[in-house]
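Make the full structure from the sequences, and use the hints.
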Amino acid sequence: QQKVQQSPESLIVPEGGMASLNCTSSDRNVDYFWWYRQHSGKSPKMLMSIFSNGEKEEGRFTVHLNKASLHTSLHIRDSQPSDSALYLCAANTNTGKLTFGDGTVLTVKP
Amino acid sequence: EAAVTQSPRNKVAVTGGKVTLSCNQTNNHNNMYWYRQDTGHGLRLIHYSYGAGSTEKGDIPDGYKASRPSQENFSLILELATPSQTSVYFCASGDALGGRSYEQYFGPGTRLTVL
Numbered sequence: 388q389q390k391v392q393q394s395p396e397s398l399i400v401p402e403g404g405m406a407s408l409n410c411t412s413s414d415r416n417v418d419y420f421w422w423y424r425q426h427s428g429k430s431p432k433m434l435m436s437i438f439s440n441g442e443k444e445e446g447r448f449t450v451h452l453n454k455a456s457l458h459t460s461l462h463i464r465d466s467q468p469s470d471s472a473l474y475l476c477a478a479n480t481n482t483g484k485l486t487f488g489d490g491t492v493l494t495v496k497p
Numbered sequence: 024e025a026a027v028t029q030s031p032r033n034k035v036a037v038t039g040g041k042v043t044l045s046c047n048q049t050n051n052h053n054n055m056y057w058y059r060q061d062t063g064h065g066l067r068l069i070h071y072s073y074g075a076g077s078t079e080k081g082d083i084p085d086g087y088k089a090s091r092p093s094q095e096n097f098s099l100i101l102e103l104a105t106p107s108q109t110s111v112y113f114c115a116s117g118d119a120l121g122g123r124s125y126e127q128y129f130g131p132g133t134r135l136t137v138l
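Residue numbers (the numbering used here), protein chains in the order written: chain A, 388 to 497; chain B, 24 to 138.
In silico PhoX-like links for lysine-lysine, alpha-carbon gap of 25 Å or less: (1) B:Lys80 x B:Lys34; (2) A:Lys390 x A:Lys454; (3) B:Lys41 x B:Lys88; (4) B:Lys34 x A:Lys432; (5) B:Lys88 x B:Lys34; (6) A:Lys390 x A:Lys443; (7) B:Lys34 x A:Lys429; (8) A:Lys496 x A:Lys429; (9) A:Lys496 x A:Lys432; (10) A:Lys390 x B:Lys80; (11) A:Lys432 x A:Lys390; (12) B:Lys80 x A:Lys432.
In short, the hints are calculated from the structure, not lab data.
Spelled out as structure tokens, the structure:
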């Protein structure tokens, strides 16, 4: 069974700082990664996805992917208290299912 | 925006009782999914469906059944609830093409407590 490992488990950054979250899959058939954000007491919502090597930027959020190592990372610049949430990484193979990691809890301190 | 609703939102059940969690989507997505989320964990897939009449086992199906009577509705059934099934349950809908899953839209969740 595929595993998706996320690190760190928790992260505290100051307001305005940079947050970096990591995710690695153990399944070489993975071809698509997703990042979801889940605020406390709410449901997960898709943040970004990536399937090509390289990086993708949307506003303050940048996602990197290295397909050879099956590693993706999410970087949040100019972090805001509203970014405090659980960040979930998910990997997709050709089964049509997603496998989620256990997440990283991000806290942004004002 | 995509809409997925779940009922009930909160449920307290007794050990050995039957529990049915319901999910409805108005996105006309083919695929629907049931996950559970426990404290300190991400989402774990219980059952999923490719369309009306189909159900497939996910990664942790033991103790659960699923039913997809229509495109819009997907139910999760606990025939004999146990305290270990106390959790938050999320339903999601989405499409997949050629095995690749597209964005999944999640419902608000159901908090189930089994006493």
